[in-house]
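Sequence order for the protein chains is A and B. Residues in the first sequence are numbered consecutively from 1, following the working numbering. Residues in the second sequence are numbered consecutively from 1001, following the working numbering.
Hints should not be assumed to be uniformly reliable.
Computed, partial: chain B to chain A, Cβ under 7 Å [stated by the list, open to error]: (1) Leu1013; (2) Gln1023; (3) Ile1212; (4) Glu1239; (5) Glu1241; (6) Ser1288; (7) Pro1294; (8) Leu1300; (9) Gly1302; (10) Asn1309; (11) Ala1311; (12) Ser1313; (13) Ser1391.
These are calculated hints, taken from the structure and not from any lab test. Only a predicted model underlies this, so the values are computations on that prediction, with no experimental measurement involved. The beta-carbon is built from N, C-alpha and C at its ideal position, and this holds for glycine as well.
For reference, the chains in residue letters:
Protein chains: 2
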Amino acid sequence: MIVEVINTGTELLLGDILNTNFQYLSQKLNENGFDVLYQTTVGDNEQRLLDVLNIALERADIVITTGGLGPTRGDITADTVAKCLHLPLELHQPSLDKIKDYFGKKDIAMPANNINQAMIPKGAHILKNDVGTAPGMVVKTKNGKLVILLPGPPNEMKHVTTLQMLPYLEKHCKQQAIIHSKVLHLRGMGESTVATKLDDIIINQTNPTIAIYARQGEIIIRITAKSPTLDIAQNLIAEMEKQVRERLNKFIFGVDDETLAKALGRELTRGNYTISFAESCTGGLATSMLTDIPGSSNYLLGSVVSYSNMAKSKLINVKQETLDEYGAVSQQVACQMAEGVRNLFGTTIGVGITGIAGPGGGSDSKPLGLIYISVANEKGTVWEKNNFNGSRSDNKLRSVMAAFSLAIDKLNELK
Amino acid sequence: MIVEVINTGTELLLGDILNTNFQYLSQKLNENGFDVLYQTTVGDNEQRLLDVLNIALERADIVITTGGLGPTRGDITADTVAKCLHLPLELHQPSLDKIKDYFGKKDIAMPANNINQAMIPKGAHILKNDVGTAPGMVVKTKNGKLVILLPGPPNEMKHVTTLQMLPYLEKHCKQQAIIHSKVLHLRGMGESTVATKLDDIIINQTNPTIAIYARQGEIIIRITAKSPTLDIAQNLIAEMEKQVRERLNKFIFGVDDETLAKALGRELTRGNYTISFAESCTGGLATSMLTDIPGSSNYLLGSVVSYSNMAKSKLINVKQETLDEYGAVSQQVACQMAEGVRNLFGTTIGVGITGIAGPGGGSDSKPLGLIYISVANEKGTVWEKNNFNGSRSDNKLRSVMAAFSLAIDKLNELK
């Protein structure tokens, strides 16, 4: 079935925000066997949205909109879809109750204009939104096409897509072929090295296909198969995965929605281990990323952001002589941070990160992007020197990835 | 003049890559006074691209394509544009020489299929590409519209846009108007409340226009003016800003690329103040976001991620009786965290955050999303209770925003 996605919002046309909603939707729809052949962006303007809807309904079987379901005057999607399909708007009482309840929980009276969010085209099926006030909707056209309205804020769009829209489509739309992917996550190897190792496989790829990406400091390999059934697709992928693993197995740490943080969390859980961080240049990012994982309170006992030398010496016992002799950005200080924080919290391993994230603070001997990482366990302390060359936030992220990777190595020692 | 951008490429429709090209182009075009009213994505398919081009030429004065100018079979843009405009393709010798030269410099013989990149619709004006092999082009239609073809790789697209396309447009298209925007950032008020306060202004808006968005836990108001000169636009915006500030001034903390973290950093710098955080459910995110700002080492002395009760009592002196009587998620513990971390690092203010980010750990009396925030300074300690209802990472982000906001309030006390 042919899908067109219409992303509404003047902020998209002004270039204020990047259209991440479309990437998410197109990935999910393709995975579920829908052919996304068109995507259109249009502003918060009734006539233009109406024109775009009419064109989409001519060339697609399913038209999915994002945005324009909020409480303000600029939010015109439900109203315009109703006009396009010649349907009246009517109040959906359960949605209104839900919105009132949402404000009630915050001890706030519902502003009058939020009632608009409960006005839906007559006969629309509601896609419940438990993380915001705007419900999604499915409206059927007279000739059996579907118009699906999703909220614009990415977290709400994702929530409604995964929990409501995809199950609805699976129930109501028959698919001829499905597209299935498996993602392998690698650490300790660069993108072009991975590409070289797989070059002869990639040249001859037809079904499944292989693609290699660098993302958030990790390398991922995506294997994608298209076939009539999930079983066949999974078999095709399994054969290809075998070939890839024959060459790169030791670099692969996880599959699908695995991340390095999750892999570290799993290693910690496996051995009933605990961890603590002493973060300098990463400023708490390592701890924050590890605590993004539900259940991390089982293994993360605590961390210290030792941004100042005072914090380093007072809290985690970095020696003043070491700071004086080698400077705060040094392997010696990184190691004392890892050991100090491990002692402070009494954890299985302690991680220390110190460096110069930039843009200021670099020198000839200690350039921007110089980051020392250290991990201490009962068997001893290791350290690693990195030279990154990205922006401040990029260098922070890469440092965290390198620290997670070294921590996994150090946990494996304890097996 | 009305612009439509057509981004071609099956990889966009599969969701393999994010459409950053459109954001860049729309920003540049808007800055230069062009109205980007439509954007379409279509795959590498001749018939569909032809249909999309025809629709675009009906509703826009300038149609800009990206992608499909490479040497492979999937690269069909120049050919399809020629078909659409009933023009023959012809060899452009200077472009062919340039491509041969490009390969020559790398000591590689030009692959035969690269000759396709020098085949251009008859009469096209060439937009030189010094960073790749695909030249850009401008083709005029019989009724005076422009079709502009840009290469797809972002670095080449940016290069050709800035150095070739924009100067061409400036020379050949008379602009009646430029579009200028100013963004106001608000805290302490929800999107719909802001909308209600500005409702009568928004109803009557023509030029400048006002739009309200929620983004990353902040509310922003964008005022956009269209006028013949920048001066006039700025005056129009200033008048509107005055009206907005008459109603909402105390909620506005910054303009344009300001963020709440930057605003907090500025307040800290202004008074030569220092700050420290005791973070529980936010797991280091507050500290990490503040340290994303270059120069934050001037005011951030350190932080503690007190994920375990042990960390709370050992490091920042939260009393065991308080933990026993009220639990770790309570106003009492939040206040002791703020005071304890302030004492530990000797900072002007200390911030404590404790709560249940989810998805697990909630109960009837302490539901998911219940977050206590506290800020201590020499004059005393304040606290705030929040009930958020997002995902784990969303609740973390909103908690950080609420904490930054309360910290700014508490710094203002010291003025």
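We went through each hint and held it up to the structure:
1. Leu1013: holds, 5 Å
2. Gln1023: holds, 5 Å
3. Ile1212: Holds. Min distance 6 Å.
4. Glu1239: violated, 20 Å
5. Glu1241: Since the shortest Cβ distance to chain A is 18 Å, the answer is violated.
6. Ser1288: The hint holds - Ser1288 of chain B has a Cβ within 7 Å of chain A, the shortest such distance being about 4 Å.
7. Pro1294: Hint on Pro1294 of chain B: holds, closest Cβ of chain A at ~5 Å, below 7 Å.
8. Leu1300: holds, 5 Å
9. Gly1302: It holds, given that the least Cβ distance between Gly1302 of chain B and chain A is near 3 Å, below 7 Å.
10. Asn1309: violated, 10 Å
11. Ala1311: Because about 3 Å separates Ala1311 of chain B from the closest Cβ in chain A, which is inside the 7 Å limit, the hint holds.
12. Ser1313: violated, 11 Å
13. Ser1391: Ser1391 of chain B check passes; min Cβ-Cβ to chain A is 6 Å, inside 7 Å.
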